[in-house]
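First to last, the protein sequences are chains A and B. Letter 38 of the first sequence, counting from 1, is numbered 38 in the numbering used here, and no numbers are missing. Letter 77 of the second sequence, counting from 1, is numbered 77 in the numbering used here, and no numbers are missing.
Because the hints were derived from the structure by calculation, they are not lab data. The reader is advised that the hints may include incorrect statements.
[Said to hold, decoys possible] Facing chain B, according to a computed beta carbon distance under 8 Å, are these residues of chain A, among others: (1) Leu45; (2) Phe73; (3) Val131.
Backbone N, C-alpha and C define an ideal beta-carbon position, used for all residues, glycine too.
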Amino acid sequence: MLEIAELETRHVGPITVDVAGGECVAVQGPSGAGKSLLFRAIADLDPNTGDVRLNGKSREEMPACDWRRQVSFVPAETGWWADRVGDHFDASGDVEGLLEAVELEDALNWEVSRLSTGERHRLGIVRALQVKPAALLLDEPTASLDARMTDVVEGLIKQQLAAGVCVLIVTHDPEQAGRIADRSVKMIGGRLQSETGAAR
Amino acid sequence: MSAYISLSYLDLAGASVFLILNAVFSYALRLNLERQLLFSSLRMVVQLLMVGLVLKAVFAASSAIVTLLIAVAMIMFAGREVWARQERRLSGIWGYGLGAGSMMFAGTIITVCALVTQIEPEPWWTPQFALPLFGMVLGNTMTGVSLGLDTLHGAVYRERTAIEAQLLLGRTRWEAVLPCVRRSLRSGFTPIINAMAATGVVSLPGMMTGQILSGVDPQEAVKYQILIMFLIGGATGLGVLGAVFASIWRLTDHRHRIRLDRMRASST
Numbered sequence: 001m002l003e004i005a006e007l008e009t010r011h012v013g014p015i016t017v018d019v020a021g022g023e024c025v026a027v028q029g030p031s032g033a034g035k036s037l038l039f040r041a042i043a044d045l046d047p048n049t050g051d052v053r054l055n056g057k058s059r060e061e062m063p064a065c066d067w068r069r070q071v072s073f074v075p076a077e078t079g080w081w082a083d084r085v086g087d088h089f090d091a092s093g094d095v096e097g098l099l100e101a102v103e104l105e106d107a108l109n110w111e112v113s114r115l116s117t118g119e120r121h122r123l124g125i126v127r128a129l130q131v132k133p134a135a136l137l138l139d140e141p142t143a144s145l146d147a148r149m150t151d152v153v154e155g156l157i158k159q160q161l162a163a164g165v166c167v168l169i170v171t172h173d174p175e176q177a178g179r180i181a182d183r184s185v186k187m188i189g190g191r192l193q194s195e196t197g198a199a200r
Numbered sequence: 001m002s003a004y005i006s007l008s009y010l011d012l013a014g015a016s017v018f019l020i021l022n023a024v025f026s027y028a029l030r031l032n033l034e035r036q037l038l039f040s041s042l043r044m045v046v047q048l049l050m051v052g053l054v055l056k057a058v059f060a061a062s063s064a065i066v067t068l069l070i071a072v073a074m075i076m077f078a079g080r081e082v083w084a085r086q087e088r089r090l091s092g093i094w095g096y097g098l099g100a101g102s103m104m105f106a107g108t109i110i111t112v113c114a115l116v117t118q119i120e121p122e123p124w125w126t127p128q129f130a131l132p133l134f135g136m137v138l139g140n141t142m143t144g145v146s147l148g149l150d151t152l153h154g155a156v157y158r159e160r161t162a163i164e165a166q167l168l169l170g171r172t173r174w175e176a177v178l179p180c181v182r183r184s185l186r187s188g189f190t191p192i193i194n195a196m197a198a199t200g201v202v203s204l205p206g207m208m209t210g211q212i213l214s215g216v217d218p219q220e221a222v223k224y225q226i227l228i229m230f231l232i233g234g235a236t237g238l239g240v241l242g243a244v245f246a247s248i249w250r251l252t253d254h255r256h257r258i259r260l261d262r263m264r265a266s267s268t
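Bound conformation, chain A alone (with noise of 0.2 Å):
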């Protein structure tokens, strides 16, 4: 379980929000409501106040990589810094069936300057997965994908949800949350406005 408590950064806040371990919570709200600063704040990027816990387990009594690695954030703009794809994937990681799932199982070899923007988003999560989060933060992971390729991201992350990870998820279609998440809260002013329970 993912329990995140007066959360506040200088942007952002105070806000409090649970996500059970299998569960999906979608975070709404207009463009500059605050979404991803939250996100940030969660994965400790910004500095922030508050209390984060992960099953029980508080923010503060482990390393900040540690935590990074449990509570897997997945911006809305993927960074690269290696020339090849194959360099930015743990070399021991369980990568083939998870490049396999999003369709680029030959992806390792290519270029990062000849990705298209879908691409990159897609290997973004695999990215992310690899290390076998117990949380997952995405932020509007199928912004940029045809409908094909968003049925099978959102497949990838019913996939971990049946494993128990926790999902706190960005996006901006409704009908989206309504396929992939219990419920959906709404952010306006960097704040927790409501919930709603969208039912999966």
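Assemble the complex: chain A is given as a structure, and chain B must be docked to it using the hints.
Showing chain B alone in chain A's frame:
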């Protein structure tokens, strides 16, 4: 060896004819460089004449305190130059203090070591030896540190998405910024590596040329030049390493976050 030939101010005026000719060309070709050329050459003349007077007085005083004060003033000016040459710099006192501190650390250690163990004047801080040596070491360290920090801050700012992508996979701040650190160290080290490679083949260094023109035996001048190049190389390396790692320490925090809020763009 031939005796030292003293120069008159008329000789200096004669040497400036070709620079003035460049200004005339600039005016005729409407390059708009004539004002800059004349202003910077006038500034150089005034600065050097002033420094000549100051050094004469400092050498005459032969005081450890005065020598120390001059060295501190040199570090402060060099710190200002490093600060001004960065497109993005650390905010607050860090922007100035980090460059000046690393140069002070590297320049002082190297210069004092050379004075105490190699040149060995009596006393070791004799201003005729300490100040010119410190000036040469500091000037070159300043170039390396400003290039290193400018490259580092630009790279961290431009590549923040890639750095954070690595942090999100559980890498440490040091692992995530390593490509930027490598690039900035290379940038800071390049001038001194190039200078060492070209010295004696492409160019004769100013200090050695000055000594030879003053009538010193070329082999003696060469020995001094080698000593100086080693000192400059060592100080530049230490200064750049210190400045780059200290800056990374400041630009990240204990939770392995990139703190771009601690950096700001130069307003100039």
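Taking the hints in turn, this is what the structure says about them:
Given hint, Leu45 (chain A) at the interface with chain B, holds; its Cβ is 6 Å from that chain's nearest Cβ, closer than 8 Å. Here the hint on Phe73 (chain A) is kept, as its CB sits about 5 Å from the closest CB of chain B, short of 8 Å. With 8 Å as the threshold, the beta carbon of Val131 (chain A) comes within range of chain B, its nearest partner Cβ sitting at about 7 Å, so the hint holds.
The structure meets every hint from the earlier list without exception.
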